[in-house]
Amino acid sequence: MNLFANLKTRGNFVITHEDIDRAHDRARVLAARSRGNWFSRFRLLWLLIGPGILVMLGENDGPSMLAYAATGAKFGIGFFLPFIVLTFVMAIVVQEMTVRLGAATQRGHAELIFERFGPFWGWFSMIDLGIGNFLTLITEFIAIRAGLGFFGVPPWAAVLAALALLYTALMTHRYWTWERITLAIAAFNLVFIPVALLTHPDWHSVGHAFASWQPLPRMEQDTLLIVLADIGATVTPWMLFFQQSATVDKGMTRRDVGFGRVDTALGAALAAAAALATVIATTPLFTHHMSAEHFQAAEFAQALRPLIGNVGASLFALGMVEAGMVACVTISLSSAYAFGEVAARPHSLNLPVRQGKAFYSVVFLLAVLAALIVLIPGLPLVYVVLVVNVIAVLAMPPALAFLFLLANDRELMGDVVSPTWANVLAAAVVVFLIAAGVMFGISVIAPHLFAASPR
Amino acid sequence: MNAGQKMRTPLSPSDEELVLSALEPDQLAEAKKQRIPRRSLRKSELLVLWFLRVYLLFMIFVVVYQAWSGTH
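Those protein sequence lines, which keep their order, are chains P and X. Position 211 of the first sequence, counting from 1, maps to 211 under the working numbering, and the rest follow consecutively. Here the working numbering runs 1000 ahead of the position in the second sequence, where the first position is 1.
Just so you have them, the derived chain P footprint on chain X, three or more residues with Cβ under 8 Å: (1) 1046-1058; (2) 1062-1068.
With the C-beta cut set under 7 Å, the calculated list includes, among others, these residues of chain P facing chain X: (3) E18; (4) A27; (5) R116; (6) T253; (7) L394; (8) G441.
The list that follows gives simulated cross-link-like pairs (lysine to any residue, SDA-like), each with its CA atoms no further than 20 Å apart: (9) K1033(X) x V14(P); (10) K74(P) x Q214(P); (11) K357(P) x L163(P); (12) K1043(X) x A427(P); (13) K1033(X) x R345(P); (14) K1033(X) x A343(P); (15) K74(P) x F286(P); (16) K1043(X) x W121(P); (17) K74(P) x G1070(X); (18) K1043(X) x A401(P); (19) K1033(X) x G118(P); (20) K1033(X) x T253(P); (21) K74(P) x F450(P); (22) K1033(X) x A344(P); (23) K1043(X) x F124(P); (24) K1043(X) x P119(P); (25) K74(P) x L225(P); (26) K357(P) x E1030(X); (27) K1033(X) x E411(P); (28) K357(P) x T168(P); (29) K1043(X) x Y1055(X); (30) K1033(X) x L1020(X); (31) K1033(X) x E115(P); (32) K1033(X) x P352(P); (33) K357(P) x K1033(X); (34) K1043(X) x F120(P); (35) K74(P) x R305(P); (36) K74(P) x P201(P); (37) K74(P) x T199(P); (38) K1033(X) x P119(P); (39) K1043(X) x D409(P); (40) K1033(X) x A358(P).
These aren't lab readings, by the way, just hints derived from the structure by calculation. Built from N, CA and C at the ideal position, the CB exists for glycine as well.
Same shape as in the complex, but just chain P (with noise of 0.2 Å):
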């Protein structure tokens, strides 16, 4: 039985501001939809993509990027180059279910929790995804404020400019025009690639390296934390929140998620891409024995300064606070839409101020909370940086917990409930995830197992 079958005919909703603007952008998809020729196609994907290569993107934020840049500047070129795209593929099988899951329901993640599992099971992940963003949205503050201070912005201007940025976008009230500013400033974090080829990088390393997963880093401490870093630089909670809300405030439909796959496994190689160029631009500073460690965005990009000259430098923090922006726009996003779901207010980037009032207070109340605990002097933010993608690894296996229920509950998803193959590699994804976990656990508690590991 679908759930949805049985609603209630047309004529007795109430048709709304938001039904009208997400109508005018479907009209658009059915007419590309009908025409059925290559150009036609084309035109179909690009009004299709968006939250997956958003997300993709907005994953690559202020701490995911320093975790790279750590990556590369402790391990250089080696294994962590194909293991950063091992957790992009994982990244892609945990998606492509929001994709699905938004799809089918036409409900967002948190709404689907609480109402299909009730209130203790909702809280429970509510709590994970509160904390969790908020923690990360400090971070991305940080990202933004240290990037800026590059090129002598002080603190107090950097995070005003983010909040000003994030206003902008969200003052369009319209759901299409909100996705195509964000999706042009996102693109920006490919910025990387540039700057990884003003490195001048050892291209023979690079295609050993990934076909031979070699040279292998150490077993210790440190290794685990940044394993643990990378992976929660790709795989957090939020994401699943945030796509799944997307998907339906897009209006994509179950004839979509063809579509909806193809733009996260795009925003996936995307994210990819700017991943491997961050690890590839600071492996000079390993090759060159600088100790990185608690290194900033700015402090990276001036160690880089003499060996990639300023142009390099300056395109390294600009990148960061890249990465700061967007991801500020779309964790913010991702408390708002679970907030207005769970509180059943109104939510849709299609609304107009007066009737979403509470959607979009939440997303600038907590941006607004973010930049000033980043603004207050002599807080040891650092630790935050260090532990937030940490945190976002741990936290994943319960949220993905939900996820696989939903996504094989046939009476919600119909025809496109989880296929074997999908539960499969979700349930890889999962014992992976617990087992990093568990391993840097161990590593806290008896270090002595692991320091004495030969390379």
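Given the structure of chain P, go ahead and fit chain X onto it with the hints provided.
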């Protein structure tokens, strides 16, 4: 006055026609207010969810311990 009532503004016939032709019934904002029936979790599912909850709490403790030992 709730949000739904505020949105009851007169629609132009073209807007109404557009919405009716472009959106599926369950895509309408009002349709999304219909609740989805609760599903009871099986014992095995509850066991997994509780295991993962305990795992998360324990691991958060480990992270806090690591951060604390890092600062000292």
